[in-house]
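In the order they appear, the protein sequences are chains A and B.
In this text, residue positions in the first sequence follow our numbering: the first is 1, and each later residue adds one.
In this text, residue positions in the second sequence follow our numbering: the first is 118, and each later residue adds one.
Derived from the structure by calculation, the hints contain no laboratory data.
Every value quoted in this text rests on a predicted model; they were computed, and no experiment measured them.
All clues given are correct.
When the alpha-carbon atoms are kept at most 27 Å apart in a straight line, the in silico DSS-like pairs for lysine-lysine are as follows:
| no. | chain 1 | residue 1 | chain 2 | residue 2 |
| --- | --- | --- | --- | --- |
| 1 | A | Lys41 | B | Lys188 |
| 2 | B | Lys154 | A | Lys40 |
| 3 | A | Lys41 | B | Lys154 |
| 4 | B | Lys155 | B | Lys185 |
| 5 | A | Lys9 | B | Lys155 |
| 6 | A | Lys9 | B | Lys154 |
| 7 | B | Lys122 | A | Lys41 |
| 8 | A | Lys38 | B | Lys154 |
| 9 | A | Lys18 | A | Lys38 |
Stretches of chain A that chain B covers, calculated by requiring three or more beta carbons in the stretch to come under 8 Å of a beta carbon on chain B:
| no. | stretch |
| --- | --- |
| 10 | 40-51 |
| 11 | 55-61 |
| 12 | 104-117 |
Glycine included, C-beta positions come from ideal geometry on N, C-alpha and C.
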Amino acid sequence: DTEVTQTPKHLVMGMTNKKSLKCEQHMGHRAMYWYKQKAKKPPELMFVYSYEKLSINESVPSRFSPECPNSSLLNLHLHALQPEDSALYLCASSQGLLRRTHSYEQYFGPGTRLTVT
Amino acid sequence: DQQVKQNSPSLSVQEGRISILNCDYTNSMFDYFLWYKKYPAEGPTFLISISSIKDKNEDGRFTVFLNKSAKHLSLHIVPSQPGDSAVYFCAAKSNTGNQFYFGTGTSLTVIP
Numbered sequence: 001d002t003e004v005t006q007t008p009k010h011l012v013m014g015m016t017n018k019k020s021l022k023c024e025q026h027m028g029h030r031a032m033y034w035y036k037q038k039a040k041k042p043p044e045l046m047f048v049y050s051y052e053k054l055s056i057n058e059s060v061p062s063r064f065s066p067e068c069p070n071s072s073l074l075n076l077h078l079h080a081l082q083p084e085d086s087a088l089y090l091c092a093s094s095q096g097l098l099r100r101t102h103s104y105e106q107y108f109g110p111g112t113r114l115t116v117t
Numbered sequence: 118d119q120q121v122k123q124n125s126p127s128l129s130v131q132e133g134r135i136s137i138l139n140c141d142y143t144n145s146m147f148d149y150f151l152w153y154k155k156y157p158a159e160g161p162t163f164l165i166s167i168s169s170i171k172d173k174n175e176d177g178r179f180t181v182f183l184n185k186s187a188k189h190l191s192l193h194i195v196p197s198q199p200g201d202s203a204v205y206f207c208a209a210k211s212n213t214g215n216q217f218y219f220g221t222g223t224s225l226t227v228i229p
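Here chain A stands alone, though its shape is the one from the complex (with noise of 0.2 Å):
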């Protein structure tokens, strides 16, 4: 099973609600990852997650907010949105982070379409 679930695949939601974004991986890898991807920019990336511990935070603003309950889930909630931060949100996971063991290949998921309105 080489596939990254993400859900839902579109979701709309006013600047006043709570919502969360799901990722799940069956691979068995220790580095999970958020990107945001706007259209016709490259994914940039949000959070990194190394065994379930967050080891990246790209400056990313606090009314977004990581969770790892576990080496095969990642969570986003989102709470506050901006219309701004309608984009295209792309989960990722790879073996690992260590050079000497680790593949750096990202599996990326299809995505949620975020819409902020």
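Dock chain B against the given chain A, drawing on the hints supplied.
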């Protein structure tokens, strides 16, 4: 500031010919490079990677070349097939952390 650049937003190639996609980077601390392919409405799919200790890596129809002195890498697809039509992203990882940086992408169209 974009640390990984793909200066050609689009490329068209005849089926059977070679496709060459280019990528430039500015950060000399990058030590691992990857190429991804993306179809509409799907997440990127890993294609091929190369470590900075190598200058070439080949996998079937795909070959990646790395020129560290020029801070340039390229992806060669030969022969090109219509199913290769997609957006191709190059990405780089810094040896100082776990950040991955993506280029802006090149849209490849292979004409039958």
